[in-house]
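Starting from the given sequences, assemble the full structure and let the hints guide the process.
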Amino acid sequence: MNNVDPLTDSVIEVENLDFYYGDSQALFGLSMVFPRHQVTALIGPSGCGKSTFLRCLNRMNDMVDISRMNGSIRLDGMEVNSGSLDVIELRRKVGMVFQRSNPFPKSIYENVVYGLRIAGINARDVLDETVENSLKGAALWDEVKDRLHESALGMSGGQMQRLCIARAIAVNPEVILMDEPCSALDPKSTARVEDMIKDLREKYTIIIVTHNMQQAARVSDFTAFLYEGVLVEFGQTDELFVKPQNQQTEDYITGRFG
Amino acid sequence: MKQFCARGEPQVWIAAAALAVTLLMAVTLIVVVMINGLGAFWPQRLATLDLNSGQAVLGHILKEEPLPYKEGTRLQLKTGNRDLYGLDFRWIERSKIKQIHYQDDVAVVERESYGDFYGLLTAVVLPQKTVQSGNLWQELERGREDADQVSDKVDKVTGQIEELNYALERRYKQIQKLKYEGVPETSAQRRNLKHEVDELQREFQVLVGKQHALESELHEYRAHFADINGRGVEIPLAEIMRYYKPNTMSLFERAGVYFGKLLELFYTNPRESNTEGGLFPAIFGTVLLIFVMSLFSFPLGVIAAIYLSEYAGNGPMVRMVRIAVNNLAGIPSIVYGIFGLGFFIYGLGGTIDQLFFPERLPTPTFGTGGLLWASLTLALLTVPVVIVTTEEALSAIPGGVREGSLALGSTRFQTLVRILIPMASPGIMTGLILSMARAAGEVAPLMITGVVKLAPALPLDGQFPFLHLDRKFMHLGFHIYDMGFQSPNVEAARPMVFVTTLLLVLIVLTMSGVAIRLRNKMKKKYTFGTF
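Residue numbers (my numbering), protein chains in the order written: chain X, -17 to 240; chain G, 11 to 541.
Hints may contain errors.
[Unchecked claim] Derived DSS-like pairs (lysine-lysine); straight-line CA-CA distance at most 25 Å:
#1 G:K88 - G:K106
#2 G:K80 - G:K108
#3 X:K88 - X:K118
#4 G:K533 - X:K88
#5 G:K535 - X:K127
#6 G:K220 - G:K166
#7 X:K88 - G:K531
#8 G:K271 - G:K73
#9 X:K75 - X:K185
#10 X:K88 - X:K75
#11 G:K534 - X:K127
#12 G:K183 - G:K204
#13 X:K75 - X:K118
#14 G:K534 - X:K88
#15 G:K255 - G:K73
#16 X:K88 - G:K535
#17 G:K108 - G:K73
#18 X:K118 - X:K180
[As the list claims (entries may be wrong)] Selected chain X positions facing chain G (Cβ under 7 Å, derived; list incomplete):
#19 R73
#20 M78
#21 R82
#22 N84
#23 F86
#24 G97
Calculated directly from the structure, the hints in this document are not laboratory data.
Yeah, the Cβ is synthetic: ideal placement off N, Cα and C, and Gly gets one too.
In structure tokens, the structure reads:
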């Protein structure tokens, strides 16, 4: 760890966040910060609200008609939970990688530049450069550099997931949200994605939801433990896993429930 | 037994049997239509039947069947020569026939009117000479070549006359309009028009004179034929479409005649109240109808489905609309026809006439059946199919792809255009195929919205505005109905009914085939690989 306390330099600050699906409340008064250029893992048993929380950060829950959000999320001082926010702009700053890889039925090249094209960037040299950098960033370049214009649907599962990560970093976001990115991958692919996450920390802030305790311990700098919509404990991963402050956290990470 | 059932084998057998029955029915239908339709053009041998009475009968033997209420059998013959006998089919009892033999010199002559002539060539009349002996057929052929040159000239003059007619028609309409608007006859505008009309009419008279002269020249080329009993007929050479001597032909020559006749179907106009000649206007009308119909129903259906699936949500109102759309597909097609007549023709068409063509009333322009209204009626009929299939295709796209696109900062519209529509395109194509097949098979709604037995002109021609959507048109489906059930000469029309049916099936198959190929191409491009 650095000498400077990373908690003082945060990208996202969440304050008193409540979230509802219709009448049922999913998140209860969450408050925490996500430190810049660090990997933060969100852990907790199924249904504890970690995915919901993640999706609040780039307003993906807007797609659910009956959802409602109270409280404040600030991204570099900009209020995310506000009606006047440009959601498109927000999502460009906060990229997302999903549990199941979801490449578009286009070529590998077009998948990577999709974010740029919809933003109206069509200059060939810019696109070419972005493709190379993004694919290198996602540790995929060497495998696909000779078949950039073939369909992305012909790749392996692990490659597809890395392509989705490349697609997310192509638009140069501040933050990348990852919703259990390795749950559909085999151990080898998982290891590659984890290595990549560690490298990406140099440039991006990463927030990763995971079921896998070992993974959280391996890749993250900070860990937040959620239980039934409440933030139980948040701290540096080394400390949280070695000597958790809370009994529930200890029970969960030692495998007594969840 | 119980164990046997539990393994599920009988269920598989029942399913297989159901499939087999369905296939069998479809195949039987196609085979029957093909045998009857494709067999009709094969040049068969002409039999001479010497009767006990001393008379002879010449014709194709079609079938032999037992006499009703009596011992013995009877033969059905196609005897042709409708101008001589009145009917071209005859039943003859077997007991009245002395012998059946096949003469080498009898010929089949296909001509423009009265159907085929069966008999012998006796003389060829040419402008300078009359040939009664020697190689008559060679003379006939030479005469036809000369006559063809004359008839080409006639066609050219006829074409000029048609153009003049069109020009006159346009000026008559202008005059009609000016008269309606109250412009006096003494105005310069009307005097000019009148002058032009006079000029055109003078030209018209000259051309008609020329046409008459050419026609009488053409009439100097004639051939004399005699039937088997010696009754003579004179046929102008220009009216002979084709002739052959079926009893001396080789298999190869027969095949030549067969394919010649088959090809003729595609490019010639019908003759003899549709029982002979080609099907070109009907084929053209059918394809154009389906095409124009697709232009209306396809965009409308796809856009409606996109709204329903992507934007409308899932409230009670939307659910009701969805049920209503599904039920629309089940309404009897004649009801659509009546709606088309009431709403499109009388309502819309009548209004258009009053607003834009009031001078021509009470003669309707758009207020009567036509290609446009028939297409719109069929579009209405097929739009539910497009909506349902498109909606299904859109909802089959995994939600992750939508989220993936939105998470990259795209708007819903960008996601729709760049991701969802391409991915749904195979499904959308399926909808198009289904709607085209449905439209091609509909006859009932067309009968009251613009189909006719014989259309004077194609809906597409070289005169501005080229595509005449207000014109009435011919259609293969209606052609089948008309020949099979409305024809004065049902026996003669029978082969054409089958041929037309076959052709309609072929057109539907071809159009679907093209669409299916397109769909498969898209499918390959847009389907997901598996993990």
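Status of each hint after checking the structure:
no. : hint            : verdict
1   : G:K88 - G:K106  : holds, 17 Å
2   : G:K80 - G:K108  : holds, 20 Å
3   : X:K88 - X:K118  : holds, 20 Å
4   : G:K533 - X:K88  : holds, 12 Å
5   : G:K535 - X:K127 : holds, 21 Å
6   : G:K220 - G:K166 : holds, 11 Å
7   : X:K88 - G:K531  : holds, 14 Å
8   : G:K271 - G:K73  : holds, 23 Å
9   : X:K75 - X:K185  : holds, 13 Å
10  : X:K88 - X:K75   : holds, 24 Å
11  : G:K534 - X:K127 : holds, 23 Å
12  : G:K183 - G:K204 : holds, 12 Å
13  : X:K75 - X:K118  : holds, 20 Å
14  : G:K534 - X:K88  : holds, 11 Å
15  : G:K255 - G:K73  : holds, 21 Å
16  : X:K88 - G:K535  : holds, 8 Å
17  : G:K108 - G:K73  : holds, 18 Å
18  : X:K118 - X:K180 : holds, 14 Å
19  : R73             : holds, 4 Å
20  : M78             : holds, 4 Å
21  : R82             : holds, 5 Å
22  : N84             : holds, 4 Å
23  : F86             : holds, 6 Å
24  : G97             : holds, 4 Å
Figure legend: structure checked against the earlier numbered hints; every hint is met.
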